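Put chain L on the given structure of chain R with help from the hints.
From first to last, the protein sequence lines stand for chains R and L.
Take the first sequence: its letter number 292 is residue 292 in this note's numbering, and every next letter is one higher.
Take the second sequence: its letter number 141 is residue 1141 in this note's numbering, and every next letter is one higher.
Keep in mind the hints are simulated off the structure, nothing from the lab.
Treat the hints loosely; a few may be bogus.
As the list claims (entries may be wrong) - With a Cα cut of at most 25 Å, we get these calculated DSS-like pairs of lysine-lysine: (1) R:Lys452 - L:Lys1383; (2) R:Lys386 - L:Lys1383; (3) R:Lys357 - R:Lys187; (4) L:Lys1451 - R:Lys386.
As the list claims (entries may be wrong) - Under 7 Å between C-beta atoms, here's a sample of chain R residues computed to sit facing chain L: (5) Tyr115; (6) Asn130; (7) Thr134; (8) Met135; (9) Glu384.
Quick caveat, the model's predicted, so the values are computed rather than measured.
Heads up, the beta-carbon is just placed ideally off N, CA and C, and yes, glycines get one too.
There are 2 protein chains.
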Amino acid sequence: MKLSVTLVLFLCHNIWSYDYETKYFEVLLDHFSFTNNATFKLKYLINDTFWTNDGPIFFYTGNEGTVENFAENTGFMFDIAPSFNALVVFAEHRYYGESLPFGNDSFVSPSHIGYLTSSQALADFVDLINYLQTMSLEKVPVIAFGGSYGGMLASWLRMKYPASVVGAIAASAPIWQFETPCEDFYKVVTRVYQEAVAKDCPLLITKSWTALRNISESPEGKAWLSDAWQLCSPLETSADVETLIGWYSEILVNMAMVNYPYSTSFLAPLPPFPVKTFCSQLTQANIVDDKSLVMALGDALQIYTNFTETTTCNKINQTAEALGEEGWYFQACTEMIMPMCSIDGDMFENDPWDYGKYASQCFEKWGVNQTHPELPVLEYGGKEIKAASNIVFSNGLLDPWSSGGVLKNVSESVVSVIIPDGAHHIDLRGGNKDDPETVIEARQFHVDNIKKWIMEFYFHSGKGAFFEKIKYQHVARN
Amino acid sequence: MKLSVTLVLFLCHNIWSYDYETKYFEVLLDHFSFTNNATFKLKYLINDTFWTNDGPIFFYTGNEGTVENFAENTGFMFDIAPSFNALVVFAEHRYYGESLPFGNDSFVSPSHIGYLTSSQALADFVDLINYLQTMSLEKVPVIAFGGSYGGMLASWLRMKYPASVVGAIAASAPIWQFETPCEDFYKVVTRVYQEAVAKDCPLLITKSWTALRNISESPEGKAWLSDAWQLCSPLETSADVETLIGWYSEILVNMAMVNYPYSTSFLAPLPPFPVKTFCSQLTQANIVDDKSLVMALGDALQIYTNFTETTTCNKINQTAEALGEEGWYFQACTEMIMPMCSIDGDMFENDPWDYGKYASQCFEKWGVNQTHPELPVLEYGGKEIKAASNIVFSNGLLDPWSSGGVLKNVSESVVSVIIPDGAHHIDLRGGNKDDPETVIEARQFHVDNIKKWIMEFYFHSGKGAFFEKIKYQHVARN
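Pulled out of the complex, with its shape left as it was, chain R reads as follows (with noise of 0.2 Å):
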């Protein structure tokens, strides 16, 4: 059973390609209880060159990981910036990166690791608009904008801190994966790579597990699948095998969350359409034997762990190692409980959703014992947003997490947007010339959208004036 599906990894570190300054804001530890009064700073990034100071705030609600690598993979908002005068701000999330309320200790116990709460990171985000206001003279609105996990920050955002926020961007925003049926998020990653090429590529994909199995079964097959999947480290034992897989797994349903049409470096460097390249040379291998099929895998996976040419050897525990992932594994453990399973009619070996045991691995890695899985339907509500208002939900349906997604209207101002041939938040990714038009559609319509929230809040707060200046500036720059 995977214990977890990371919503976003970083694994590779880009040049940055943005600019912006990058400054800290010192937010409480616990915002719900008086038991303490401790403190810690929480890094944020800032580009203020477009901005009148009465302009919006575009604000993004950082997921899990560093958030420069968010500020580089969210381009968008830099590029919508100067039409709008807006302020771009990127805000860190709590125990990732350098905002880490303990240094390194933050992960030890949980006394330290237990304040790592979605509504912890949105209380630091409400105070850091708070603070953000203070730039301006009067206040102004402000957008929050965020993808996959930061996404449903986003929307969360809007939904408990209407004040705060005018509306939400939320892109590929799997809300509702908590009451998701658990064999969807795999079904979707089956028809990624269905439609990628031909049907053949998900056959032999399924085929694949048992030849893993039987080949890692005796010593000598250990030793020659290291050797043919070139791994740092050779197998050794039955775990280092489920690792493998795991592994294996894993990039499978990363290169189709970033099946982007154009090169990207987001989780990994990669050629456009990855799982097309992957599929065309997998199913172009002359294939007649387990070995010949794992022998395949090994080479087509190239795409994924050595597009550069610069990987020397492949080490299958590397997830495990990165500081992001070590709080996600802990949000998962606790607040993030997203029912995922494999069955038959998926390309992925059989793999049952067991909470039991879920919880108990759980327990056992961070001796916290989660009573209340139900915790985050009832905080934020589950499948009843029908209250909520402004928020844009978007999804690309080629994207696995676009199971766990909004995807149709909940009413007049909660709206969704597809993006048939999208993967994972393509459209908060910086324009491009290989964008499809359903890209650029989306986009159009997140611009549509910030704009009316924008014209709403002045219209409420009687700024007739500054309204119309808005709405002119607007038609005429778009």
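Chain L in isolation, oriented as in the chain R frame:
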């Protein structure tokens, strides 16, 4: 400076006249961190006499006191439950009544009392509602009710957890008191006394402060005053005099709050229109100097202190002894910081608002530094609540707390109902033959809104048939 004005006091214990079972529900001590798994038992009262298992739940969000007191003084819920086939529930607020997380130690240190926050209380209610829902086969609509701080909680419950409650009746809920000019509260109290009989009454009260101070300067004066006002412990120090002034001032406020048109025992056993009775007696007295004024006041105060003619002497530190007040004192020091002051123009002794002094008194008492006094405004949005829905705010204009109330419609479904001659949440009380027409109209307004919310609930859940049944029943019964 008054440290805090208690919203509701319970000095007298009624013989309970409504039927309910007393139950307990286990809740998490801390809903917003995973630092510990501690739980405690929250008390609630439940009456299912009128419930049909698919009827709605009427849920009172308990405030600062033993929950039975709220049940006894919220007869409106019992009055209308039969026509809605409703389950009636009163939930106790954590740290009041029997719902003490650490028993008798609940108030001893920040690490004990620190979990007394409105956010934690709301999360308790959400969990209890979730549990109550399991009593029905299918989800039923829940209506939140509350008066005073309980009304604030009811409205916040709807704002923060709209999936848990379909709407809220928030009676005399001063959710804007945090941002109200500090003098407004005592201005309203003064108006109540002005309109009771004649302007002479507040003028005499205005003079009384100097009279009390003059008399109590000397030891002989203190002795005379102790005797004249029948104090249990004679005044000895200047601190005792301050306590007396505070006690007298609080009675004046309390009489305004419960200035009901019929005899009640909410804060103390009282005649109908206690302020009128008090002012009539005071203005008819033969007042020629400080002593005769103070003597006349002492006599008139017996309307509040000794209406039952069973009080042998007055305990002027009475309010500080009641357990419920310890909790409210803490809340007033941490979250519920509502600036209050008396100025020229009201009938009280001048008393400026000094947050620094207030905060240092709070720190001395609780060892807690409130570094974020803006907390409640950020947490609940302050005056920006137009994104909320399905809340009725009712306010009596002769209720001092109306100074912080929502007195105008905010949106189509966040609406205000004014009871011009109403005192503190009179509309939540059971029907009385002496109810003025305005109170009856306010209650009808509540019923109409509750019906609308329930119909919306069934409409959205696609249960047309049930929706029709509800509609028919209500039209027929009301």
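Report task. Using Cβ atoms only, decide whether R:Tyr115 comes closer than 7 Å to chain L, and label the hint accordingly. Result -> holds, 5 Å
Query raised in the report: For the pair supplied as a hint, R:Lys386 and L:Lys1383, is the alpha-carbon distance within the 25 Å limit?
Result: Between R:Lys386 and L:Lys1383 the Cα gap is close to 22 Å, so the pair holds against 25 Å.
Report task. Would you check whether R:Met135 satisfies its interface hint, that is, whether its CB is within less than 7 Å of any CB in chain L? Result -> violated, 16 Å
Query raised in the report: Regarding the pair R:Lys357 and R:Lys187, is the alpha-carbon distance no greater than 25 Å?
Result: holds, 23 Å
**Report entry** Hint check: 7 Å Cβ-Cβ cutoff, R:Glu384 to chain L
**Finding:** holds, 4 Å
Query raised in the report: Given R:Asn130 as an interface hint, is the shortest Cβ-Cβ distance to chain L below 7 Å?
Result: holds, 6 Å
Requested in this report: For the pair we were handed, L:Lys1451 and R:Lys386, check the Cα-Cα distance against 25 Å.
Outcome: holds, 19 Å
**Report entry** Interface hint outcome for R:Thr134 [beta carbon to chain L under 7 Å]
**Finding:** With a closest approach of 11 Å, the R:Thr134 hint is violated.
Requested in this report: Below or equal to 25 Å on CA atoms is what counts here, so check R:Lys452 against L:Lys1383.
Outcome: holds, 22 Å
Hint compliance for this structure: hints 7, 8 are not met, and every other hint is.
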